[in-house]
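Student: For reference, the chains in residue letters:
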Amino acid sequence: MATTESKAPAKDSRKKVGLAPNLDSGFYGQDIISVSQFTRENLEHIFGVAEEMRAIVKRVGSSDLLKGTVLACLFYEPSTRTSSSFIAAMSRLGGTVIPITQGVQFSSVSKGESLPDTVRTLESYADVIVIRHPEMGSAQTAADYAQKPIINGGDGAGEHPTQALLDLFTIKEELGQIDGLSVGMVGDLRFGRTVHSLARLLCLYDVQFNFVAPEILRLPLDVMNEIRKRNLPVTETYDVAEIVADVDVLYITRVQKERFSDLAQYEEVKDLYAITPELMEKAKEKMIVMHPLPRVGEISYAVDSDPRAAYFRQMENGMYIRMALLAAVLGKV
Amino acid sequence: MATTESKAPAKDSRKKVGLAPNLDSGFYGQDIISVSQFTRENLEHIFGVAEEMRAIVKRVGSSDLLKGTVLACLFYEPSTRTSSSFIAAMSRLGGTVIPITQGVQFSSVSKGESLPDTVRTLESYADVIVIRHPEMGSAQTAADYAQKPIINGGDGAGEHPTQALLDLFTIKEELGQIDGLSVGMVGDLRFGRTVHSLARLLCLYDVQFNFVAPEILRLPLDVMNEIRKRNLPVTETYDVAEIVADVDVLYITRVQKERFSDLAQYEEVKDLYAITPELMEKAKEKMIVMHPLPRVGEISYAVDSDPRAAYFRQMENGMYIRMALLAAVLGKV
Amino acid sequence: MATTESKAPAKDSRKKVGLAPNLDSGFYGQDIISVSQFTRENLEHIFGVAEEMRAIVKRVGSSDLLKGTVLACLFYEPSTRTSSSFIAAMSRLGGTVIPITQGVQFSSVSKGESLPDTVRTLESYADVIVIRHPEMGSAQTAADYAQKPIINGGDGAGEHPTQALLDLFTIKEELGQIDGLSVGMVGDLRFGRTVHSLARLLCLYDVQFNFVAPEILRLPLDVMNEIRKRNLPVTETYDVAEIVADVDVLYITRVQKERFSDLAQYEEVKDLYAITPELMEKAKEKMIVMHPLPRVGEISYAVDSDPRAAYFRQMENGMYIRMALLAAVLGKV
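Here the protein sequences line up with chains A, B and C, keeping their order. Numbering of the first sequence is given in the numbering used here, commencing with residue 3 and proceeding in unit increments. Numbering of the second sequence is given in the numbering used here, commencing with residue 3 and proceeding in unit increments. Numbering of the third sequence is given in the numbering used here, commencing with residue 3 and proceeding in unit increments.
Isolated chain A (complex conformation) (with noise of 0.2 angstroms):
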C-alpha cells in the first residue's frame, strides 16, 4: 500500500479564519513557526497588542474578541507551561480549547496516524491549532498541510518562538527599551533553544552580547555566525561573576550534569552558574534577571524577594504574548 506522503497541498499563504478580518497587521492567517518571521514592525505590533491585553485582564479579567472560535493544543509531549499559558490566553479572550494535552497517550498517533492527517482532522474542528512536537520541523509540517494558522509551541530541537517574544517583549517591559541594552546569557548555551531564538530575536536590535557558559556548552556556530554579520559587540566568559556588574539582562538556564561525561568537571564548574543574593548584590540597580522555568537550583530561592526577578513577570507576560498572538492570527487586531 502507498504509504509515502504526497507533498503538501498548494495553498493561498493568507489562510481563512473569519470574517472581516484585521488585514494590516498582516498576521492574518499567519503561522507561527520561527523567531525568522518577525521584524521589529510586526513585534512592535504584537508588544502593542500584548500590553493591551494586560490591560483588559488587569481590568476586568477577559474580553469576547475571540468568542466563537477554538484552538486545538496538539502536545505531543507535555508542557504544563506552555499548555496552560494558551489554555488561559484562548480563555481570556472568549475562546474555548481543545486539550490534547497529556502527550503520550495520544491515542490517533498511537495508532500509526500521521501528523498532517492529525492535523488535518483538528482543522476541521477548531480554528487555530498550537503544536508541541518532539522532532525538529514537524510545526513547519503541521503548517504546510494546514489550512488554519499553526502556532508552534515547540519543536523539539528546533524552535520555541512563542517563547523568545515573551522573553523579548519582557526586557521591553521591564527596562523600557531593547536598543543599547548589554544582554547576559548564561548556562546552557549549546542546546538551550531558548537562548538560540531570543539571541536572534535580539539581532534585530543594537545590543551587545555576553555569553557565560562551560567549554562544552558554549553558544553553536550558526547562531555565533548570525551575530557577527550583524556585527554586534559579543563578549564569552566561563564565570558569571565577570559579567555581572555590566549587563542589563541575565538569562539563565540550567547546565545540566547529564552533559557532562566527567562528573568532576560538572561539580568544579557548575557554581559558576549559578545566581545568589551575594552575585546579585554585585549587578545593576536596574537589570532584570529572567529564566525560561523551570528551574532547578540554578537560582537561589533567596533572589526571589529581589525586584529585579523579573522571571515571574515572565511567565506572566507569555500569556498576553499568547493572547495577542491568537488575536492576531485570527484577524483580529
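Simulated from the structure, these hints should not be mistaken for laboratory data. Heads up, none of these hints are tricks.
Quick list of in silico lysine-lysine cross-link-like pairs, DSBU-like style, CA-CA up to 35 angstroms: (1) 334/B to 69/A; (2) 60/C to 69/B; (3) 288/A to 272/A; (4) 231/B to 284/B; (5) 259/A to 288/A; (6) 272/B to 259/B; (7) 69/B to 334/C; (8) 69/B to 60/A; (9) 60/A to 60/B; (10) 272/C to 284/C; (11) 60/B to 69/A; (12) 334/C to 60/A; (13) 60/B to 60/C; (14) 174/C to 288/C; (15) 334/B to 69/C; (16) 286/C to 174/C; (17) 69/C to 69/A; (18) 174/B to 69/A; (19) 334/C to 334/B; (20) 288/B to 174/B; (21) 69/A to 69/B; (22) 272/B to 284/B; (23) 272/B to 174/B; (24) 60/B to 69/C; (25) 60/C to 60/A; (26) 288/A to 174/A; (27) 288/B to 259/B; (28) 284/A to 259/A; (29) 60/C to 69/A; (30) 286/C to 60/C; (31) 272/B to 288/B; (32) 174/B to 231/B; (33) 334/B to 60/C; (34) 69/B to 69/C; (35) 259/B to 231/B; (36) 69/C to 174/A; (37) 69/B to 174/C; (38) 69/A to 334/C; (39) 288/A to 60/A; (40) 69/C to 60/A.
Every value quoted in this text rests on a predicted model; they were computed, and no experiment measured them.
Assemble the complex: chain A is given as a structure, and chains B and C must be docked to it using the hints.
Tutor: Chains B and C alone, transformed into the frame defined by chain A:
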C-alpha cells in the same frame, strides 16, 4: 459485603434535562445508544439540524444554544478524534465540557468503582454524558442507571452510533440523496464496527451493497442477514478494482496485518484493498471516497487532492452531527 | 548551586483577586486549607450561598458571576470526582478552567520543579488554584507562596476541607438542622480523612457521635480529644447493627482488606460494617446514609433506591459547595 448490582431503577423513558424543551423531535431526554433507534424520519430531523449547525459555524463560529449546560466526556479509553469532536461541538454551542479523556488514568475506576456509580456521580455535575468504553453493552448499562441522557461514543465491539450518523450524513451532503446509490465497503468488514453500523443505517434506504474483503475478513452473518431481510442487492468480491467503476460511495477501512496468522497471505492480498490515484482513474466522476480515519496507508496520500476524497469533510461533518445530537437530547431542537 | 527554599514572602493575608469585592463575608482573597478555618457563622454564609447556587443551576443551569476568571486545577494525583466537581462548578459560574488533572504526567514536576515555583507560575495565568497533592501540608506550602487564593483539594493524610463542607451541608439540607443530631460514623475511622474532617466540623454543633470500627481502625486520639474537649457524647462499638436504630446520620467509609495483616480477621469482621436493606429496616424512617464515594461493596446496591440513601445527592451538593467557595474567595458573595 454485598457486591451484586441491583437492577437499574425504573425511570421515565424521557429523561428530564431542561425547561421548555422541544418535545416534537422525539430526542429530548433520550439516550443515543444504537443505530437501531433511528428511523428515516428522525435521521432527516438530525441531518436538517446538522446543516443548520454548519451554517452557524461557517457564519459566526458558534451559538449560545447550550449556554449553561455541561457535557461530561467520560472516556475509559482515549479516542482523540471522538473526544475532540464532542468538545468542539459542545463549545460551539456555548456549553462547557468536563474532559475525562485519558482513559488509563481514570482514578475512581482504578479504585474499583462500578460504571453505574461513576455515571451517577458525573450526572450530578453534568447535563449529558458521552461515554467511551472498551466493553460491549457498557453504554446501555450507563443509560439504564443515569437520569440524564447518555450518548454512546463507542462501546468496544458494540456500536459507535455518532460515527454511523456522520458517515450517512456525509453521503447525503456529498451526493444529495441516499436512495438509489451503489455503496462499496472495503477492507476489514468482519471487525470493522463502523462498517456494521453504517450498513445497518443504509438498510433504511434503497441502496446496493458491494462488499470487498479478504476471505477471513468478510461481513459477519448477522449484518448480512439484516440486509437480506430488506431484499437489497448485494455483491461480494476480493478486489476493489472490480467494483470501483460502479460505486457512488467507496467506504474504506484498514486491513490489519495482525488479523492474518500467515503473513505471506497478508502480503499477497493487501494491494487489493489499497486506494491509489491509478485506481481512482477508473472511478466515476461523481463519487466519494470515505474513511473513518485514522488511516495507515490504505489510502494513498496522493488521493487527498482528488475532489472525490471526502474523508476530511467527513471528519468535519462529525462535529455538526454531534452538535445536532447534543442540542436534540437537551431538548433545544 | 543553592537549592534551599527561601521563606515564603510576607504578604497581605487578604489576597487581591478582583475589583469591588464583597469584603463582608470574610472569604475574599482567603485560602481554603483546613476545616479549622470555619466557624458556625461563616459555614452558614457558605451554606446559604450554596443553596442559591443550587437554585441557579436548577433554574437556568449557570450564571455569569465568575465570567472572566480562570481556575487552575492542579492535581498531582488524579481524582476524577473532585476535579470534575470543581470544573463543573467553575463552568456553571461562567468561569473557565486550566485542567491539569492527570497527576502522573505533570511535566514541570517531572523536570524537578518545586511546588512553590509551579504555583507561582500558574497564578500568573489563573485567578484561583485548586491543588491536590499526595503530601500532607502541601496545600499550606502552596498558599504560603501564592498571591492568589489556594483551595486545598486534598493533601494526602492531611485535609480535604471541601469534602467536609459538602458532607456537613448535606446533613443540613437533608435533615434541616445539625444541632441535636446523633451521627454514626462507620468503617475505617483511623485512616479515613473525610471522617476526621467532618468530625471536627461537627464539633461546632451539639451532636452525639457514634463510632463503629474494627479495633485496629478506631478513631485516632487527636480527633477523639477534640470531641472530648467539647464534652459531646460519644459511643464506640464494633457492629453497626448496634447503633443503626438510633442515629440520624450514618456516614460510611470502606474497611480495606489491606489494613489487616491477618486476612482471617478481616473476613471475620467485614460484615459488621456492611449496609444492606435488612440493616436499613432497623433504621429510623427519617435518617440518611452518606458515603464520600467511591464505594466498593460496603453499601449494597439494593440500598440505592431507599429514599434515605443520600450519597448521590451528597455528590451533587459538592458542586454547589464548590461554586459557593469559588465565588466567595473571588469576592463575589
